[in-house]
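Going line by line, the protein sequences match chains A and B. Under this note's numbering, the residue at position 224 of the first sequence is numbered 543, and the numbers go up by one with no gaps. Under this note's numbering, the residue at position 128 of the second sequence is numbered 156, and the numbers go up by one with no gaps.
A portion of the hints provided could be inaccurate.
As the list claims (entries may be wrong) - Label-pair ranges, simulated between beta-carbon atoms:
#1 A:Thr-373 with B:Arg-129: 56 to 62 Å
#2 A:Val-404 with B:Leu-98: 50 to 56 Å
#3 B:Ser-38 with A:Leu-630: 36 to 42 Å
#4 A:Leu-407 with B:Arg-129: 35 to 41 Å
#5 B:His-153 with A:Phe-443: 50 to 56 Å
#6 A:Phe-415 with B:Leu-98: 34 to 40 Å
#7 A:Leu-896 with B:Thr-245: 53 to 59 Å
#8 A:Ile-633 with B:Glu-144: 56 to 62 Å
#9 B:Glu-144 with A:Arg-436: 55 to 61 Å
Said to hold, decoys possible - Sample of chain B residues with no beta-carbon within 10 Å of chain A, all distances over it, derived:
#10 Glu-58
#11 His-156
#12 Leu-271
#13 Thr-275
These are calculated hints, taken from the structure and not from any lab test. Using N, Cα and C, we set each Cβ at its ideal position, and we do this for glycine too.
What follows is the residue order along each chain.
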Amino acid sequence: MDNSRILGRFFETISLLILLFFIYIPFFWAVSTSFKGPQEWAARPPTIVPTNPTIANYLIQFQQLPREIYGSWYAAYGPATPFIVNSLIVTVLTIFLTFGAALSMTYLSKISRVISRMSPHFLFVDAIPKISMAVGFLALFTLLRGLYDSYYGLSIAYLAETLGLAIITLRIFYESLPPDIEESMMLMGYGRFRAFISNFFSNCRTALLLAIFLTFVFSWQDFTYALILTNFKSTVTVRLASFTHEVGELFGPRAALSILIGVPALILTLALFSRIREYYPNVQLYEMTGSKKYPQPRIKSEPLASIPFLLLYIMLLIAPFIMSGLYWFLLPSELPASQRLILQGVRYADALTSHQYMLSLLRTWIITVITIASTISAGLLTAYITVYEGGGWRRYLLFLTMIPLFIPPIVSGYIFRIIFYPSGPTEAFLELLGIPKVTWLSDPAGALAAVITANVWSSIPFAVLIMYGGARTVGREYWMSSMVMGAGRLRTFTSVIVPRLWRYILLTTLLVSIHTFEIFDIPYIMTFGGPGTATETVSFYIYNNAIKAGDAALSSALSVITGVIQILYTYLLIHMLRRF
Amino acid sequence: MVGVRLENVSKSVVGGTSIKGLNLNISDGEFFVIAGPPGSGKSLVLRLVAGLEKPDEGEIYLGDERITDLPPHRRGVSMVFQSLALYPNKTVFDNIAFPLRIRKVSESTVRKRVNEVAQFLRIEHVLHKYPRFLSGGEQQRVAVARAMILNPRVFLFDQPLANLDAVIRIAMRDEIRRIAKETGITSIYVTHENVEALSIGDRIAYMEKGKIVEIGTPEDFLKNPQDFRVARYFGDVNYVQLLAENTDGRSSVTFLNRRIEVSPNHSKIILAFHINEVKLGVNELGDRYLTGEGEVVMVEERVRNRVCSIRLGDGVELRAITDKRFEIGERVKFAISPDKIYLYDGDTMSRLS
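Between the sequences and the hints, there should be enough to build the whole structure, so can you do that?
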């Protein structure tokens, strides 16, 4: 190997290590803090490893700890058990609802062309900001009384978000199976439905697991809906975010709760990883036997079959968004209709002329642009490392950067709150390097930087995952031919590989910007929009100034405007994506 | 054992090939092949017989029994699919036993029957394995075994060998024919491979664009095709399309040095002759033959001989099998026996005398 190549490899490895460092230090710090006692968790300078490790922070989540032994610190903290139970109930309910609906849709899309064509539309829900959807459900629940602050209500909101992805997952797997399997069963004596079920449950188990996993991750990690749509039955993420600190911040117990929220998804991922690998050969077998997607036999369309579909379609996709515009009119009020209409109009004008709203939009875009730039850099590093022969052992280091994917945004926010807290680890670290002191969370620019850092941290896995997949699609003949012609690794990457990865770069941009545009959890828990309004994002602005303030007309106006902006933006990006 | 009869069957398919007014009569115990290019509607015929599709019009009979409205499993037919449709989560034994278990046959009978069938197909040693660990040929046998287990009245094969490599394909082809003949079960076999159709079938129906072009034995198709499309599909033929000269109520075409008389009222005539029939490098053969001269443009080596492409003066290219050696660019004389040339109408594609 010549010198330049060794140097190249060296820089690759160094960048990868810096990425890993960035991913793991905050995580490690949260774990470490969760084992620290009251004297230590706020110690200045901070200790890296707890000197007196204690599991009291975990115990207190499940029981009251006696004041005599553990001191007054813990008395302010009540057990999290009821919230954990609520989260579990809602998650299980959502999994059942989503899976039942997605399975029926997969079957019905065989017999109804309308469903086959329209079921992917549920994905559009993901493009509408959560906050707008939440206002819509709030409005819908004024009609369907009893769903507000209930397990069912929250599950239905989650169902709207997860159904699109679940249907797509099931259908991609299902339609990659040859229709022969079911036809052969029908020849032997099964009915159409029984053949479908038998085929599905024996050959699509991977899809089933994936769909359940995605649903679990969404409903377990959600904060926005739980905060807005529940009151007493709120979930564990809401619990993490809602502490009043009379005795100073309880870093230890909250870090422990963060870890507890993060762990189930992590365990499930590890458990499922082997299951997915186990069933992978089946999928491959069918890939070998022909085209990836088998044309399904056309069956006479049965219009009756599309009725349940259309009901779901209206209930989950159309109604919430329209309702979000009607929220004000659905509330009981003594005002005559004309006055209500005028007031709603005034609220639209208020929203469109509000400097604070425009600033929050601008702020959200700044966060989005910086997040996209950083995640795409991480994504390109991934592609650069893995495109040549899979990257060898470096690939496994890359898989390690997946960890934030399984950590709810609210937890990432809290982890970074610990990291950036005044005289916390970041300050101590920078002091060590001789960099002058920055007060992160209490300085407007510092707070925004901290929020962006937390958001980048939780978005990196998307980019790594997509770009890794993208790099695998570049055939070796592309880069080999370029190298044979004399280009080096870097030159080959910039001139041959990156042009082939545009689709994936755009896809990353799309997903990261949808996810960042609705950023709410992180500023909520890190800074509560402060100091002043320095970290007030659009979603946070709507929540704080309209929903929390109880102004239905303003909530409605803001969520419609924000929803329209986001839909237009998504449409534009998807349009660009289609061209590649 | 029964025959299969399709009477005036029509089925329209949105976005696919439709068939209209199709008639087919397959005798008892026959091995019947439906051949044709992709999109000719040949698989649709099979699916109609299986009951996976219902005809819009027409009737389907198994022997004397009308089965048009029967659900697939009540028809007594078995089908081997192109993808084989083996269930990957079941062992070979469970795959073969599946049809019996659906019918709640007692477990001892299941075991006995599966073992019998497995013995017949020589797959006893893989019964405990999962399909994905078998070779292509073994997977094929398992699929056939599963189709056999119910003692069907008719076997349906939908391009079952399409995913196999060349060597196993030939072996399995003979095996499938052996099974059908030994059990005496009427079989319908769909394929798009001409060699496969010729070697396996008792009779062949050639389909194109949803219509049956010709039905005949392999020998008919090779030696005496009644339709140009059949000649082109199954034989290695040269063909030339010429405009007919109509004078005094008589039609004729001129090819090489010969004027050939045909029955009147055709505008285009196709001359087809097997590449065996072009004799290269001959000098004097007498007047009986059509003779000409051309330039060798390509030589394709075969195991015992070679195929030469000859370009004639007017741009027509002929292919010929020969033992002799020719160089590219060499001018060569050739002769064709006139009674080996088949004449077809260029519009209807049917044979002329």
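Comparing the hints with the structure gives:
| no. | hint | in the structure |
| --- | --- | --- |
| 1 | A:Thr-373 with B:Arg-129: 56 to 62 Å | 59 Å, holds |
| 2 | A:Val-404 with B:Leu-98: 50 to 56 Å | 55 Å, holds |
| 3 | B:Ser-38 with A:Leu-630: 36 to 42 Å | 37 Å, holds |
| 4 | A:Leu-407 with B:Arg-129: 35 to 41 Å | 39 Å, holds |
| 5 | B:His-153 with A:Phe-443: 50 to 56 Å | 54 Å, holds |
| 6 | A:Phe-415 with B:Leu-98: 34 to 40 Å | 39 Å, holds |
| 7 | A:Leu-896 with B:Thr-245: 53 to 59 Å | 57 Å, holds |
| 8 | A:Ile-633 with B:Glu-144: 56 to 62 Å | 57 Å, holds |
| 9 | B:Glu-144 with A:Arg-436: 55 to 61 Å | 48 Å, violated |
| 10 | Glu-58 | 21 Å, holds |
| 11 | His-156 | 17 Å, holds |
| 12 | Leu-271 | 42 Å, holds |
| 13 | Thr-275 | 53 Å, holds |
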